[in-house]
Amino acid sequence: MPLARLAILAVPLLVAGLQQGLAAEGPPALDVERSCRDAATTDALGQSRQFDKAAFDGCMAQENGTRATLEKEWAAFPAAQRDECLSETRGAGLPSYVELYECLQLDQETRGKK
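Each residue of the sequence shown is one higher than the one before, starting from 1 at the first, in the working numbering.
Don't read these hints as lab results, they were simulated from the structure. Some clues are possibly wrong.
[Unchecked claim] Using 25 Å as the maximum straight-line C-alpha spacing, the simulated SDA-like pairs for lysine to any residue come out as follows:
(1) Lys72 / Thr42
(2) Lys53 / Glu25
(3) Lys72 / Gln62
(4) Lys53 / Ala68
(5) Lys72 / Gln47
(6) Lys53 / Leu106
(7) Lys72 / Gly46
(8) Lys72 / Asp83
(9) Lys72 / Leu94
(10) Lys53 / Ala75
(11) Lys53 / Thr110
(12) Lys72 / Leu30
(13) Lys72 / Gln50
(14) Lys72 / Arg34
(15) Lys72 / Ala61
(16) Lys72 / Asp43
(17) Lys72 / Thr41
(18) Lys53 / Gln105
(19) Lys53 / Asn64
(20) Lys53 / Glu73
(21) Lys53 / Gln108
(22) Lys53 / Arg34
(23) Lys53 / Thr41
(24) Lys72 / Thr110
(25) Lys53 / Asp31
(26) Lys72 / Arg90
(27) Lys53 / Trp74
(28) Lys72 / Asp57
(29) Lys53 / Arg67
(30) Lys53 / Ala29
(31) Lys53 / Asp43
(32) Lys72 / Glu88
(33) Lys72 / Lys53
(34) Lys53 / Gly65
(35) Lys53 / Asp83
(36) Lys72 / Glu33
(37) Lys53 / Pro95
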């Protein structure tokens with residue numbers, strides 16, 4: 001088999017392998033502490049308030065629990081779907097595993113209804 005032909009066959013396999021490897025890594029690290037700190041110092045109307053430790057702790061527990069769920073289910077979501085939801089979550093300014101997971105689930109449900 002000529003070398004050029006072998007290279008043409010190898011490229012798709014290499015790309016597929018890289019995608020599999022990236023999927024296996026799980027969700028990327030998000031700065032949810034900053035997001036939770038913001039939530040703990042802002043009321044429901046968006047007004048500043050004194051730091052609420054209970055709200056911060058609850059937010060962090062929810063974010064960490066959702067990250068654990070994402071670590072288990074990450075590879076089940078298509079790469080394009082993960083990229084799209086990550087872009088939306090990061091674009092909001094205060095990234096959140098909860099928002100990321102909700103986006104992935106909603107997108108998956110929408111695709112399933114088509």
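Results for each hint:
1. Lys72 / Thr42: Violated: lysine 72 and threonine 42 sit about 32 Å apart, past 25 Å.
2. Lys53 / Glu25: violated (32 Å)
3. Lys72 / Gln62: Holds, at about 16 Å.
4. Lys53 / Ala68: Satisfied, since the Cα-Cα distance of roughly 22 Å is no more than 25 Å.
5. Lys72 / Gln47: violated (36 Å)
6. Lys53 / Leu106: The given pair, whose Cα atoms are some 31 Å apart, is violated under the 25 Å limit.
7. Lys72 / Gly46: Answer violated: lysine 72 to glycine 46 is near 34 Å, above 25 Å.
8. Lys72 / Asp83: holds (17 Å)
9. Lys72 / Leu94: This hinted pair holds, its Cα atoms lying about 23 Å apart.
10. Lys53 / Ala75: Violated. Lysine 53 to alanine 75 sits at ~34 Å, over the 25 Å cutoff.
11. Lys53 / Thr110: violated (37 Å)
12. Lys72 / Leu30: With a Cα-Cα distance of about 17 Å, the restraint between lysine 72 and leucine 30 holds, given a limit of 25 Å.
13. Lys72 / Gln50: violated (36 Å)
14. Lys72 / Arg34: With a Cα-Cα distance of about 24 Å, the restraint between lysine 72 and arginine 34 holds, given a limit of 25 Å.
15. Lys72 / Ala61: holds (17 Å)
16. Lys72 / Asp43: violated (33 Å)
17. Lys72 / Thr41: Given pair lysine 72, threonine 41 is violated - Cα atoms ~31 Å apart, limit 25 Å.
18. Lys53 / Gln105: violated (30 Å)
19. Lys53 / Asn64: At roughly 16 Å apart (the allowed maximum being 25 Å), asparagine 64 and lysine 53 satisfy the hint.
20. Lys53 / Glu73: With Cα atoms ~30 Å apart, lysine 53 and glutamate 73 exceed 25 Å; violated.
21. Lys53 / Gln108: The hint is violated at about 34 Å.
22. Lys53 / Arg34: holds (13 Å)
23. Lys53 / Thr41: Answer holds: lysine 53 to threonine 41 is near 9 Å, not above 25 Å.
24. Lys72 / Thr110: Holds - the C-alpha atoms of threonine 110 and lysine 72 are around 21 Å apart, at most 25 Å.
25. Lys53 / Asp31: Holds, at roughly 18 Å.
26. Lys72 / Arg90: Within the cut-off at roughly 21 Å; holds.
27. Lys53 / Trp74: violated (30 Å)
28. Lys72 / Asp57: holds (23 Å)
29. Lys53 / Arg67: Holds, because 21 Å separates the two Cα atoms, which is no more than 25 Å.
30. Lys53 / Ala29: Holds, at about 23 Å.
31. Lys53 / Asp43: Distance of about 13 Å is within 25 Å: holds.
32. Lys72 / Glu88: The given pair, whose Cα atoms are some 21 Å apart, holds under the 25 Å limit.
33. Lys72 / Lys53: violated (29 Å)
34. Lys53 / Gly65: Holds - the C-alpha atoms of glycine 65 and lysine 53 are around 18 Å apart, at most 25 Å.
35. Lys53 / Asp83: violated (33 Å)
36. Lys72 / Glu33: Measuring from Cα to Cα gives roughly 21 Å; hence the hint holds.
37. Lys53 / Pro95: holds (20 Å)
The structure fails hints 1, 2, 5, 6, 7, 10, 11, 13, 16, 17, 18, 20, 21, 27, 33 and 35 (numbered hints given earlier, in ascending order).
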